[in-house]
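**Student:** Could you build all of it, start to finish, from the sequences and the hints given here?
Sequence lines, in order, name chains A and B.
All residue numbers for the first sequence refer to our numbering, where the first residue is 30 and numbers rise by one.
All residue numbers for the second sequence refer to our numbering, where the first residue is 170 and numbers rise by one.
Keep in mind that a hint or two might mislead.
[Unchecked claim] Reference excerpt, derived from the structure (chain B facing chain A, CB under 10 angstroms, subset only): (1) Glu265; (2) Val326; (3) Met344.
[To be verified] Per label pair, the in silico range of CB-to-CB distance: (4) B:Arg321 <-> A:Pro399: 35 to 41 angstroms; (5) A:His202 <-> B:Arg321: 47 to 53 angstroms; (6) B:Gly207 <-> A:Thr46: 17 to 23 angstroms; (7) A:Arg130 <-> B:Arg269: 44 to 50 angstroms; (8) A:Lys498 <-> B:Met284: 32 to 38 angstroms; (9) A:Pro399 <-> B:Leu274: 56 to 62 angstroms; (10) B:Met284 <-> A:Thr46: 47 to 53 angstroms; (11) A:Tyr569 <-> B:Pro189: 42 to 48 angstroms; (12) B:Arg269 <-> A:Gly505: 49 to 55 angstroms; (13) B:Leu280 <-> A:Glu45: 43 to 49 angstroms.
In case anyone wonders, no lab produced these hints; they're calculated from the structure.
Values in this document were obtained by computation on a predicted structure and should not be read as measured data.
Every residue, glycine too, gets a C-beta built ideally from N, C-alpha and C.
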Amino acid sequence: MAPPTFQVQDLSVVYETDSGPVPAARRISLSVDRGETLGLVGESGSGKTTLALAAINYLPANGRVKQGASRLNGLDLLRLPKREMPRMWGSRIGLVSQDPRSAMNPTLTIGRQLDEMGCRHLGLGRREARDLALAMLGKMGMSDPPSVVGRYPHQLSGGMLQLCAIAMALLTHPEVVILDEPTTSLDVTTQATVLDVLTELKTELQTAALYITHNLGVIARVADRVAVMYAGEMLETAGVKALFARPLHPYTLNLLRCVPHLGAGARAERPKDGKASGITRAAAAEADASGIPSARLASIPGSLPPWDDLPRGCIFAPRCPLVMDFCRVSRPPLVEVEPLRWSTCLRWQVLLSDEGRAQAVSVETRAGVPPLVEDTRSRGPLADGGLQPSQEAVSVPVLEVKDATKAFGPARSRAHVKAVDGASLSVPQARTFGLVGESGSGKTTLARVIAGLELPSSGRIFLAGESLKPSVGARGPHMLRRLQMVFQSPDGSFNPRMTVGRALMRPLMIMNRLDRKNARERALELLEAVRVPASHFDRYPSELSGGEKQRVAIARAFAGDPDVVLCDEPISSLDVSVQSSVINLLADLQEEAGTAYLFISHDLAVVEHLSHRVGVMYLGKLMEIGEVAKVLAPPYHPYTEALLSAVPVPDPTAASKPVRLHVSVSSSLGIPSGCRFHPRCPRYLGDICRLQAPPWRLSDGRVIPALAPTSAAGPDRPAEAAHSISCHIPLEELVRLQGAG
Amino acid sequence: MALAATSVFILFLFAALFGPLVAPYDHTAQDAAQRLQGPSPAHLMGTDNFGRDVFSRVLVGTQGVFYLGGAGTFLAAVLGTALGLIAGYAGRLWDEAIMRVLDVLLAFPALLLAMVLLSTVGPSDINLILVITILYIPMFARIARSMVLDLRTREFVEAARLRGESRRYILFGEMLPNAVAPLLVEASIRFAYSIFLVASLGFLGLGVAPPSPDWGRQVNDARTFFDVAPWMLLFPAAAISALVISTSLMADGLRRVFDPSVEGRRR
Chain A
30 MAPPTFQVQD
40 LSVVYETDSG
50 PVPAARRISL
60 SVDRGETLGL
70 VGESGSGKTT
80 LALAAINYLP
90 ANGRVKQGAS
100 RLNGLDLLRL
110 PKREMPRMWG
120 SRIGLVSQDP
130 RSAMNPTLTI
140 GRQLDEMGCR
150 HLGLGRREAR
160 DLALAMLGKM
170 GMSDPPSVVG
180 RYPHQLSGGM
190 LQLCAIAMAL
200 LTHPEVVILD
210 EPTTSLDVTT
220 QATVLDVLTE
230 LKTELQTAAL
240 YITHNLGVIA
250 RVADRVAVMY
260 AGEMLETAGV
270 KALFARPLHP
280 YTLNLLRCVP
290 HLGAGARAER
300 PKDGKASGIT
310 RAAAAEADAS
320 GIPSARLASI
330 PGSLPPWDDL
340 PRGCIFAPRC
350 PLVMDFCRVS
360 RPPLVEVEPL
370 RWSTCLRWQV
380 LLSDEGRAQA
390 VSVETRAGVP
400 PLVEDTRSRG
410 PLADGGLQPS
420 QEAVSVPVLE
430 VKDATKAFGP
440 ARSRAHVKAV
450 DGASLSVPQA
460 RTFGLVGESG
470 SGKTTLARVI
480 AGLELPSSGR
490 IFLAGESLKP
500 SVGARGPHML
510 RRLQMVFQSP
520 DGSFNPRMTV
530 GRALMRPLMI
540 MNRLDRKNAR
550 ERALELLEAV
560 RVPASHFDRY
570 PSELSGGEKQ
580 RVAIARAFAG
590 DPDVVLCDEP
600 ISSLDVSVQS
610 SVINLLADLQ
620 EEAGTAYLFI
630 SHDLAVVEHL
640 SHRVGVMYLG
650 KLMEIGEVAK
660 VLAPPYHPYT
670 EALLSAVPVP
680 DPTAASKPVR
690 LHVSVSSSLG
700 IPSGCRFHPR
710 CPRYLGDICR
720 LQAPPWRLSD
730 GRVIPALAPT
740 SAAGPDRPAE
750 AAHSISCHIP
760 LEELVRLQGA
770 G
Chain B
170 MALAATSVFI
180 LFLFAALFGP
190 LVAPYDHTAQ
200 DAAQRLQGPS
210 PAHLMGTDNF
220 GRDVFSRVLV
230 GTQGVFYLGG
240 AGTFLAAVLG
250 TALGLIAGYA
260 GRLWDEAIMR
270 VLDVLLAFPA
280 LLLAMVLLST
290 VGPSDINLIL
300 VITILYIPMF
310 ARIARSMVLD
320 LRTREFVEAA
330 RLRGESRRYI
340 LFGEMLPNAV
350 APLLVEASIR
360 FAYSIFLVAS
370 LGFLGLGVAP
380 PSPDWGRQVN
390 DARTFFDVAP
400 WMLLFPAAAI
410 SALVISTSLM
420 ADGLRRVFDP
430 SVEGRRR
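**Tutor:** Structure, rendered in structure tokens:
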């Protein structure tokens, strides 16, 4: 048998840092053959990017390969002199990085940058190189390559730019290509297209590919084999189907159980027949078989071991639910436990049975954690103003948004953009309204308008029936206390010069008028309720992990015992295993405190998992709104349909859905006339979509014309109906189309 | 490097604090018999044209430099930071008003502006300090303003607004602590410049009135005697450069401590 195209043997990498050497990757071996894609999965700090960069001799200046070899068709890249490498990169090795904007030179047209590959590495003339570039872009599925090559990077959308970057990497038909999270910064619909293109090209070009990602769904779509990395070591490797069906390392198993699976059903109002969403039942069924209630995600307790104090035994032992004494004795090697399946776990056989798997999954429970709901003593004098849970309260929505519109830029100018255009929604007590949409859909702007951080151009917001002042500064402490927000970035959420304790005490003192002593007591209770050790009270935010910070941010939002918490992508910057524990925490707190959430996310599976009602936004307008099970089942709005079929499901056996949106070429903003989705709509009807705003179609058969004032529609506005879609296509027709397709 | 500079700076600081106490001679004491003597164990830096001990005069002169430059820089830092915070947070009208006025100040060469102002109001300690303050306010205001513009969109500031904090608390409690590091670095750089400015003005006769031992004036006085008594000029001049260089090197070190990315970029 011929040696594999690309082979890494026993590779160790050390970074020299101010705080000492960091062994970022340790004794890793892998191989990729031509036409094969090896998926490298791991959370941040797993060393996956380090490994890939070291393997192609492309480490940053402070990185050093300690030992090992990396062979490309027999040639050891690590023994080559440094000056030989630039010739290899680009011609025999391709690299696609996460951010295409920084990978491209902003001062040169795309064409010039692509031509250079042909001229430099293939020795072509200008004209031949341009022909090759155009042909390559055509292979990427672009409809009009000549218009793309004449543009500068800033004139292209992120998705289009990434397609160009991939074209550039593959132009010279390299023997191996490293794809480092190429779709992570893209929208899910764009990601689906890019993944399709990659899968196609893989067959055509027969390139060996190393695909790095943290997204298990993406891995399931593109990889033939998967290697799982953790803390700089490889824990398991296997064929993609075998790995997802039957992981043989507890870390892999837990990772798979950390992510909510689209179609697994929501926390409430779960469809009984189980066919409602029709995505993947297999995943949900398996989760049920192992005895985990699907309402609770697995989460991996603890954190990565510190670099300067790695455990002597199994690297995962400190966090492993299956750990035994012998796991801690010495580092177990990666061994072939079954044909073509390697695992470092000494107890892999436990994972063969359902009971064993159930035992290996760690699900943290709320047991032993003091409830968040506090006694009246610490609530302070303003507590009486709060909402009392009663029959009446349930019928009146806690949060109601009517026709909120937010426009930026001067009116009648080209820069005038309605980021939110007439959004109406309502959230009852103890319920979650999930808001999904791609970047630029206006979901964050809507949350900021509700919070009063942006002034709405028009529209009203009600909190438990009371009209809210538009500006946060005018609202007064008793209103502020009842509406709080959790932000996307855990790093930005805290003042770096303020201790965690002070960050928690401040809202208690301001909004609840507690004195120092009581505020401190209550702050400590809050920390405990979100499972952050009390020892963190006097620490600065930089000393906390991302997950801990986000927990404290949640505690801060809950400090005033709010009625509504706006969650703006609170988990999207966290690692998978940490995400799940934050999701669980939010669900627990909602149950205990009866808080309503507006949960914003681009991740449909998470929204499905947490939400009772869902709204789908596109370019500032709600396209579809309703109960979660109804929104995620036909009839869908064509946009929802495209979103759903674009979500990569962590199940390699799931059939890929055919609905794709083309990647928009231009980066410029501009809101299309008529239905704003029409230029990308896979179910485009014709002039009516282009010229007329679509009506709201309610599940009870009523149709509300787009231009009718909301009040004329009576109490059952689209915002409150069981399910409403804003589309020119009648619901029955949508069912027929989508049932077939 | 920064460490050595800091030790030199501290040496000068001691000289400023205790100079008059440790000076071997009274800095104003004239001794006609000892005129224009070269450096010797009795007079480490020699004597000047009135027979005064140059070492004592340099030592005592440190005080004036620290006092004038320090007070001027400090006042400029306080006022400039306040103006910058207000400009950055109060909205467009205030921002425009404050920053344009400061731009006008910046448009003049520093030394020229100082000379014009001082020759109008007349040189005195207080006036010197005020001139330094006026000259350096724009730099501090600009830094404070840019920090505010950066910080105001940060989520922790929005969280503070969401819990109903007052503007004053947000500016001084949330934002200012994050701006302290760059302001401190700026202050140390400005202090170095102010030493130079004080010396220059002294050289031009707009500094502290005689017989106070001003370094700049000493250099000026020594010019005429340079060919017979070069030490008279060399030592005060060396003191000026040593203090200026050590202070700016220290500022560099401070910047590196506060902003580790500067260190990283050096690789």
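**Student:** Decide, hint by hint, whether the structure agrees.
**Tutor:** Now the hints, each set against the structure:
| no. | hint | in the structure |
| --- | --- | --- |
| 1 | Glu265 | 18 angstroms, violated |
| 2 | Val326 | 8 angstroms, holds |
| 3 | Met344 | 9 angstroms, holds |
| 4 | B:Arg321 <-> A:Pro399: 35 to 41 angstroms | 37 angstroms, holds |
| 5 | A:His202 <-> B:Arg321: 47 to 53 angstroms | 50 angstroms, holds |
| 6 | B:Gly207 <-> A:Thr46: 17 to 23 angstroms | 54 angstroms, violated |
| 7 | A:Arg130 <-> B:Arg269: 44 to 50 angstroms | 35 angstroms, violated |
| 8 | A:Lys498 <-> B:Met284: 32 to 38 angstroms | 55 angstroms, violated |
| 9 | A:Pro399 <-> B:Leu274: 56 to 62 angstroms | 59 angstroms, holds |
| 10 | B:Met284 <-> A:Thr46: 47 to 53 angstroms | 51 angstroms, holds |
| 11 | A:Tyr569 <-> B:Pro189: 42 to 48 angstroms | 44 angstroms, holds |
| 12 | B:Arg269 <-> A:Gly505: 49 to 55 angstroms | 36 angstroms, violated |
| 13 | B:Leu280 <-> A:Glu45: 43 to 49 angstroms | 47 angstroms, holds |
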